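A.B. asks: From just these sequences and the hints, can you work out the full model?
Residue numbers (our numbering), protein chains in the order written: chain P, 358 to 787; chain G, 59 to 537; chain S, 177 to 603.
Take the hints with a grain of salt, since some may be wrong.
[Stated by the list, open to error] Sample of chain G residues at the chain S side, in silico, Cβ under 10 Å:
| hint | residue |
| --- | --- |
| 1 | Ser117 |
| 2 | Phe214 |
| 3 | Arg496 |
[As the list claims (entries may be wrong)] Facing chain P, from chain G, some residues (calculated, C-beta under 10 Å):
| hint | residue |
| --- | --- |
| 4 | Glu89 |
| 5 | Gln179 |
| 6 | Gly387 |
[What the hints assert, rightly or not] EDC-like cross-link-like pairs, simulated, lysine to aspartate or glutamate; straight-line CA separation at most 20 Å:
| hint | chain 1 | residue 1 | chain 2 | residue 2 |
| --- | --- | --- | --- | --- |
| 7 | S | Lys342 | G | Asp492 |
| 8 | G | Lys422 | G | Glu450 |
| 9 | G | Lys425 | G | Glu414 |
| 10 | S | Lys553 | G | Asp237 |
| 11 | G | Lys215 | G | Glu344 |
| 12 | S | Lys553 | G | Glu240 |
| 13 | S | Lys553 | G | Glu503 |
| 14 | S | Lys403 | S | Asp393 |
| 15 | S | Lys403 | G | Glu344 |
| 16 | G | Lys215 | S | Asp408 |
| 17 | S | Lys553 | G | Asp492 |
| 18 | G | Lys376 | P | Glu709 |
| 19 | G | Lys215 | S | Asp326 |
| 20 | G | Lys409 | G | Asp297 |
| 21 | S | Lys403 | G | Asp297 |
| 22 | G | Lys422 | G | Asp449 |
| 23 | G | Lys274 | S | Asp408 |
| 24 | S | Lys342 | G | Asp484 |
| 25 | G | Lys274 | G | Glu304 |
| 26 | S | Lys342 | G | Glu304 |
| 27 | G | Lys376 | P | Glu714 |
| 28 | G | Lys215 | G | Glu365 |
| 29 | G | Lys425 | P | Asp371 |
| 30 | G | Lys377 | P | Glu714 |
| 31 | S | Lys342 | G | Glu503 |
| 32 | S | Lys553 | G | Glu450 |
| 33 | G | Lys274 | G | Glu414 |
| 34 | P | Lys368 | G | Asp444 |
Hints in this document: simulated from the structure, not taken from any laboratory.
Since this is a predicted model, take the numbers as computed values, not measurements.
In this text, a Cβ means the ideal position worked out from N, Cα and C, and glycines have one as well.
Read off the chains here:
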Amino acid sequence: MNDAELVDYAKTLDCIHCGLCLRTCPTYQLTGNESSSPRGRIALMRAVAEGRLDASEPGYGAELDFCLVCRHCESVCPAGVRFGEMMEHARSALAAAVTAPLSVRFVRWIGFRVALRSRFVLARVHGALRLAQRGGILPVLGRAMGARGQGLASLPEIPPSAERRLLAPFTAATRTRQGTVAVLEGCVMPEMYGRVNRATVSVLTKLGFDVLTTRESTCCGALHAHNGELDQARELARATIEAFEKLSPAGSETAQVVVNSAGCGAHMKELGRLLAQDPLWAQRAQRFSDQVVDFSQFVAPRLPASQRLILEGSGEMLRVAYDDPCHLCHGQGIRAEPRQLLDRIEGVTRVEMRSSESCCGSAGIYAMLRPEESQAVLAPKLEEFAAIGAQCLVTANPGCQMQWQSGLARVNSTAQVVHIAELLDRALQP
Amino acid sequence: MALSGTARNELKRLLGPRGVVDSPIGRLAYESDGLALIHQAPEIVLLPRNTAECAGAMSVLASEGVPVVGRGAGTGLSGGATPVEGGALIATARMRDVLELNVVDRYARVQAGVVNVDLTQMCAEHGLFYAPDPSSQQACTIGGNVGENSGGPHCFKYGATTRHVLGLVIVRADGSILDLSEPQYEPQGYDLIGTFVGSEGTLGIATEVTVRLTQKPAAIETLLAVFPSLDGACDATSDLIAARIEPSAIEILDKLTIEAVEASVFRAGYPKDAEAVLLVEAEGSEVEVASTVRDVTRIARARGAIEVRSARSDSERKKLWAGRKGAFGAMGRIAPDLYVADVCVPRTRLKELVRETTRIAKEKGLKLANVFHAGDGNLHPNISYDRRNPDEVERVLTAGREIMALCVAAGGSLTGEHGVGLEKRDEMCLVFNDDDLRAMTLVREAWDPERRLNPGKLLPIRGCREARGAHAPSVGHGR
Amino acid sequence: MNSGVLQALESSFGGDQLSASRLCGDGPELPLVTPNSREGILEALSVARRGGWSIVVTGLGSKLGWTRTARRADFLLSTRRHAGVVAYEPGDGTLTARAGTTLAELASHVASGGHGLTPDVPRPERATLGGVIGAAQSGSDRLRYGPLRDHVLGLEFALSDGTLAKCGGRLVKNVTGYDLQRLFCGSHGTLGVILEASLRLFPLPEEECSITAVASDNAQMLQLAGKVLAADARPISFSVARLDPPHAHAQWMFAVRLGGRREVVVAERAILSSIFPGALVQHGSEARSDAGALRDRGFGASDGPMLRVEIRPAQFAFALGVLDEWLRAPGASSEFRPRVWCEPGLGQIDVALLPRADLGDQAVKALAQLRSALAVKGGRVRLFNGPREFVHESHGAAPAGAQLMQSIRDRLDPARVLATGRFPEFP
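C.D. replies: This is the structure in structure tokens:
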């Protein structure tokens, strides 16, 4: 197959139309409409490939855009359909084949070409947003923009510039040295959740790891890939791989790359596949992907059994609920490790949400682009969170963290939202 | 008859803009159910939210004389929800409310679009469950189960859907509402509910269902018996039935199925070197379970089981069942398309007929996997194929017809749980004659005089005497 | 007796196939034809069609009083002599037999292969297969096996126009075609004549045991009944009878029937013994004869009038309370002399009434009161074998779907050959 084809036809044939994916699909749950389900979208893609449907029909692109690419369907698909990859391909091919309106192209250009690639721009944008937030302009502006502006209006508070500082290129282990790891700093992460990055490094150093970071790559390209900018995603992938390779001296074993953002981690683990057609990069990419590891996945087996984790607090147990980020549970198959870690923290009672594997509606930039649908996807989860009496929501992905923060704020909940690294860092004595 | 613009507007007014799908793309997604071989886009798709909306829509369609097909989650394998040309499709996907959960009287009243497994999860904390467990239970709806009288592994003990339906609200072809929702243990007058269950959408559309909830057994044990041959597993099943042992489920998976399952997200730990496994579950009191397990083990070993092991934990038990239930989908790994037969046979003749079906597939150069409800004699020969190969498709269809004819000749039937639908409609003449079908048609016409509901399904459109002439050569089975 | 009818029948049937019977106690005597073959039954239908006569289909006539009386009946057609086992498959646990075979004959036939069948009805030598299906009769073993309609696998029947048709099959699992078996179950011969039926069989219990105990009053009875139903045991039946006249310390008698694998019965017996310390426990043949004696006192044991109260099993106590209060009220107590028999696990209470030919307006009114009191929690009441006119009143208002039922009947029997006015025409 190549990108020129509108649809990865061979992959669509894996689907035998059994329908087991329906119940897991957030957009099908919202609408009850078959074309908004994984099976339905695959049927549309197939129809395009078979020439029974014209891809320029606006409805086709709309259904592709409507998908959150949470990949929940992949977790229940007995036929092993790689839905996420199919969506990336279809979106990318459609973007190339069909010219979007100028305004849309401009926004995408700004977002994908400029902002996400530059720390400088990202920092300025977030600085400006914070000013607007502080001055009370942002909520007003957001409301004025109507439905589309809801994302802006309910954006969690952007931290002050002191918080938005980057990690040191090297942080030494604070305990008996176990090895060296690299940490992905991320693009939006240092702007919105610098504290999560710092907690991540802190936990790793407390476990005896020297931590390296690189400033040579900004965005790993996950957002580009999910939104149909596959060419740019490949470009960014090469840059990312190169940057991390440089961290390890030539000839030495490449350090594992710890990722605290589930979406980035899932994408980086797939770079081998993304660059499989590129003879110069295929092997390098696969080698790199093999080194990528999620934060919980890395920490859980390395936390000594003797290590006590104690959360100091009011003396009462903190009821926490862990919400599986889609790209961690469905994308990377990681479900047990975060729970194991939480269960080791004294002072914490973990309660399960039945809907923990359902998408929270964040889905990368989806929450910004389609706030209404995004909030509708979150709504039942907010209800369940309240019903089980949880006081703290734990996640492992910045997008989800943002989504939960703004969602809980909308329903005037006082519950806190934390990344698992933050909670662990607090519980892990220096 | 085409749907008028006035009618379309009226439907949009009744159901709201999200309740009507009539764009080409929206309709295209509904052109097949679980039987993907047949495509037919509907003229319009309606997504009512409750009985009143459904009845309103049905009245409009009745006044327009438009045929109507009902659809749950579209997981059916016989084309029961395949749209008809120019017809409307009424799907229950937005009717997902639980209307009443009565744990004292052990019943639940739900909208037809509630997903089977959600019902069981909903009442789990009260020690109850909903017994019918079709393999598609993660997606299929209670309304769809009612339409097809769905089964599942555990209906060996608990019976198919019809035994668990205590009440229904039915929207009839003319748009009138038949409210039989009060739980009925004994019908007043004719058993309308019993007649409706399994009628495949030809008598009306169920919008609300009152179901019996069953108490969870005190003890439960799942056994996996590993066989060096498929024959051994079949013989063991026949012996279990003849010895009148009463487990709650007896399933067989053959080697090809095991390979597919073990390669999928549902890998269950089935031994990959086995030619077949027998999956048996015993439920009841501790003593009852222990006694059943002992007998099953003895019989399996006598028929050559290499190993009989018991699930060590609840999670292992769940995995064994998830593997079984994901088996059909996992076949998607073998080839792009799958033909699933659903024949039933007397349980004294399992081995012989399983062998014969395998032979038929082999003769035609087709790949056949067996995964079936052995205890009920309900075979599921699964034939993998690629629909882009028209010759292969033709061979698959011929094999399917031969398998049905073979099983009917051996005292079996066309379908045990998937329904007749569109797929097996013409084979009805293998089992029934024109007089039998006339009796069924009379009942159908009492419900739906214009035969506007799911037309062309279940009942042959041509008389058998007439059709038999056309069919006989390809089936090769004279009567 | 209509001489035209008799003449027409005599021309088709030999004297040994013709006799006379009454539809109900006070009704006129009618010709009764008992053909000895399928063709004979079709011929009887043809005679009726040709003469424009209306017939009542029966087996041995034990359940003719269960429904409203036919508005018009010119002769009776019995399937009793269309009898015999067609196929018993011990290896598959299924049985196919002709409609006229009695349950006693069937039970003894399948016992040879270690099988039993449901329903376990009183006087099984007087109940034909076609009759129990037509009347959807249940026995107290319904607690274990469920209603008969769950086990009728297939039917062969004749429509009144002479069409010979079948539905279902002989398989334990099958969804090929409409489930007309269920439609015919409980149709009281108004849709067609059942000629042959296939049934699912059950393992004959390896061990049987009956437990008999008493309770002093309603409260204790209900408490113990609750324990039995919640126990980790699956009795074949569990009945409770009100002792009449009551003993000083015992108003109720329990009868629990256990059966199944030996070790299971032993374990269940221990559980029940702990609920009923000092109970009388019988085994083997004694248990079986106990069960038989018990069954023959239960529903359908006599042709006398009886009421059946049906309610969701969990509302059993409510129904009993309502019934007791009603029985004490002046309207009812002057009209009814009850013997009460309960199946708590099935939500059934049967009240045997003293046979009286002249139940009056008072009784009709009283019955209506009982009906509306029970309806509060979804309960129902039906009268069986009552005086002719009274039965008409006793079946209550038309249920939902009555019109549809009528329409089904009109399609299957357009000439109204079968038992017009009998069922399910509601007032």
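A.B. asks: Which numbered conditions among the earlier hints are violated in the structure presented, ordered from lowest to highest?
C.D. replies: Violated hints (numbers, rising): 1, 13, 17, 21, 26, 28, 32, 33; every other hint is consistent with the structure.
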